[in-house]
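Chain S is already provided as a structure; the job is to place chain R on it using the hints.
Protein chains in written order, with this note's numbering: chain S, 11 to 325; chain R, 24 to 531.
Calculated directly from the structure, the hints in this document are not laboratory data.
Any given hint could be a false lead.
What the hints assert, rightly or not - If you want the footprint, here are the derived chain S segments under chain R, 3+ residues with CB under 8 Å:
#: 1; stretch: 251–263
#: 2; stretch: 267–275
#: 3; stretch: 282–291
As the structure is a computational prediction, the values presented were derived from the model and not from experiment.
For glycine and all other residues, C-beta sits at the position ideal for the given N, C-alpha and C.
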Amino acid sequence: MSDVWRIGRGEPGYPRALLDLEQDVPAALFGCGSRRLVSELDPEQTVTIVGSRHPSGYGLEVAEELGYLLGAAGLVVVSGMALGIDSAVHRGVLAGNGSTIAVLGGGPDVVYPRSEHRLYERIVAKGAVISEMPSGTRPGPGAFPLRNRIMAALAKMTVVVEAAQPSGSLITAERARELGRDVGAVPGRVTSRVAKGTNALLKDGVAMVRDAQDVLDLLLGVGVTSTRRSGPRLEPELARVADAVDGGAATPDAVALAAGVDASEAAVALARLELMGYLRVDGAGRYERTSLTPPDEEPSTTLGPCEPTNGSRSA
Amino acid sequence: MVRIFAAVLATARTFSLLGIEVREVHVEVDVCSYGLQTFSLVGLPDAAVRESRERVRAAIANSGFDYPKHRVTANLAPADLPKAGPSFDLAIAAGLLAASKQLRPEQLDGVMLAGELALDGSIRRVPGAFAMAEQARELRVRAIVVPVPNGPEAALVQGLRVVPLERLEQLKRLGTDEEPAAPQPIQLSLNGAAPPGPDLSDLRGQPYLRDALEIAAAGGHSLLIIGPPGAGKSLAARRLPSILPPLTRSDAMEVLRVASACGLLGRGQLAVRRPFRAPHHTISTAGLVGGSSPPRPGEVTLAHRGVLFLDELGEFTREALEALRQPLEEGRVAITRARGAVELPCRFMLVAASNPCPCGRGEESGECECQPTSARRYRAKLSGALADRIDISVAVDRPSATEMGGRHGVDSATVRKRVVAARERQERRLGPGRCNADMDLVELRGAGQLSREARRTLARGHAQLGLSGRGYDRVLRVSRTIADLAGAERIEVEHVARAISLRRRGQE
Chain S
11 MSDVWRIGRG EPGYPRALLD LEQDVPAALF GCGSRRLVSE LDPEQTVTIV GSRHPSGYGL
71 EVAEELGYLL GAAGLVVVSG MALGIDSAVH RGVLAGNGST IAVLGGGPDV VYPRSEHRLY
131 ERIVAKGAVI SEMPSGTRPG PGAFPLRNRI MAALAKMTVV VEAAQPSGSL ITAERARELG
191 RDVGAVPGRV TSRVAKGTNA LLKDGVAMVR DAQDVLDLLL GVGVTSTRRS GPRLEPELAR
251 VADAVDGGAA TPDAVALAAG VDASEAAVAL ARLELMGYLR VDGAGRYERT SLTPPDEEPS
311 TTLGPCEPTN GSRSA
Chain R
24 MVRIFAAVLA TARTFSLLGI EVREVHVEVD VCSYGLQTFS LVGLPDAAVR ESRERVRAAI
84 ANSGFDYPKH RVTANLAPAD LPKAGPSFDL AIAAGLLAAS KQLRPEQLDG VMLAGELALD
144 GSIRRVPGAF AMAEQARELR VRAIVVPVPN GPEAALVQGL RVVPLERLEQ LKRLGTDEEP
204 AAPQPIQLSL NGAAPPGPDL SDLRGQPYLR DALEIAAAGG HSLLIIGPPG AGKSLAARRL
264 PSILPPLTRS DAMEVLRVAS ACGLLGRGQL AVRRPFRAPH HTISTAGLVG GSSPPRPGEV
324 TLAHRGVLFL DELGEFTREA LEALRQPLEE GRVAITRARG AVELPCRFML VAASNPCPCG
384 RGEESGECEC QPTSARRYRA KLSGALADRI DISVAVDRPS ATEMGGRHGV DSATVRKRVV
444 AARERQERRL GPGRCNADMD LVELRGAGQL SREARRTLAR GHAQLGLSGR GYDRVLRVSR
504 TIADLAGAER IEVEHVARAI SLRRRGQE
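Isolated chain S (complex conformation):
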């Protein structure tokens, strides 16, 4: 269990985005996990994704996909760790080795909902959990609407995946609009209860979000595909193996064949690339590339890493 840290208002490292809340600025932030991720947070490269606690399979799918792709594209993804959409978003980000922040209604060390304690631990390990409540505070009634304003303030854009009417997600969207932030919504079936809120937002004229690219277009400008991060330099053999995976070889056998190495060399190379963060594996044991690129093939649109662990920012 990591220790709880505190950043008071006006202290160095207090996220400047929260100052936009004016009379409602939290007096202090309490957090677990990466303090640096929070204090170096750039709202221009942050997106908040929220949604229903009782989503459809479609909503979960979209939420996880958005989290995965936006996290992998280098954005910091903020959500509320609630059941349903929120936790799917966090899971997606973690699966793509992205950075994610969960904003809780209670103290940062009080896991709520309890059933998400594994997710909580992974977020603390790879990202951050924050709250304006001191450690040990149990989330009471009214805590969640308050926490929603923090989520809205942290990011330049808030995306609602699925929301009933009325709902906490709509409150978050409303707060974001009041703060002059962008709001987006994912369209749903008009007959679906959990799409009522998002479709209503769309009717009001918020941005339509069909996929991660829609969000990236709005946040970073049309055409920018990622704020790519670059990894360590690759030896020629590893580069060949990484290219083979890029070329669609997903199993070690296919990689060995495509890269022209023998099976045990391929296995060693795949494991090393996975440890470096260039590859990830799905539940069926198939390999694919992450968004991490080797240093020399870094594209010009690079916006620099927001990763808490190596922290070096190259603008």
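The following block gives chain R in isolation, referenced to the frame of chain S:
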């Protein structure tokens, strides 16, 4: 008028099969020279044993003997031991013939009998004859009488006279010079000669899958193969027994005991090899691990010292898979029933296979018809099932056309030599008959040094790939096997890296 009530008593010895174990049973037959013509059978017989009366009556009448016209009582002792199956027929008939003076009682002295009777007097094969012969030798009897088809298995037991009988009337020859000659025993192929069966050279291309099979065989690790239909999953699994080390004599006897008790020794099969069992995924829990009353061995026991192959792992019921845990861990199953408990051996290697998604084509193929949510649920079930019992997992694709047309791979005999060498290293470290898969945590920690770089890689795997504590131990265990295959004392970084690439994915 004075009538002399004479009761004549005779005893024949036979066996009761419980699971794969055998207990001695005495058949006492009493023929009363008064009373109505009845035949009562006592001593906890089941339905098949009770029907024995009809078979015995007809067989005796059709074999040129006389069926007594008086009251017959047969008692199976000990009376509290449940008896099942038709193998008591021959002993009951022999006892009856002795009691009715058609056989000399001394002909049955020191003889144990087992066999099922046909109505025409011929003798049919029975399950468990090998275990019965072993029991007979332990009881130091003169001879065991078995049906002809059971002769070869019974003859394996040394120091025991085996008398194969084809028909009931041959009982007359028992203890005379005309007693039928002992049959030829089953041949045990133990000395490393490649057992007949599918060979690894049939597997073309797919070097990584081959490596995974070899590593699994070398360390006794259970293995999960994930890939679309046609990727060679079951082809590969079926070839695993051929690269496992040869059976030792005592292991072969265990295999034989199980096969014999389950009636699996076909007439044609004369060699003992490692079993390969592939139950269908609709199998019940009792069918898989054993059960029912009287207790019957399940597939895990039939796979003893061999390979249990679960194709379509995700389709097995959760209950059945859960029930596999204890057998996998302990190498034996205990079945407890109201009338006693039996313990069955089940040291097997588990190989499981699965499609990547319910439709089998795989999401990546572009032809997948599955709903993403159902595919995800399927994978979740897959990664949850027996997650902590499977050491190695490998993803495979259909072999490419060039691979299919390519040369045959290395044959089983060559791979088996490497496996045997690796097992020898393990036995030197752990003791006879042990392998890396059954190391406990203390042995695992003491299983040889890791190079500094290997240790660092393992630690990074722990931190970055989210390996759980158990996942970490499994990677270490498999690393040890890979090092053993390479003949290395110390675990090097490439051993760890290969083990990491073979680890089980998606355990959250």
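Review point. Of the numbered hints stated previously, which ones are contradicted by the structure, given in increasing order?
Key: none
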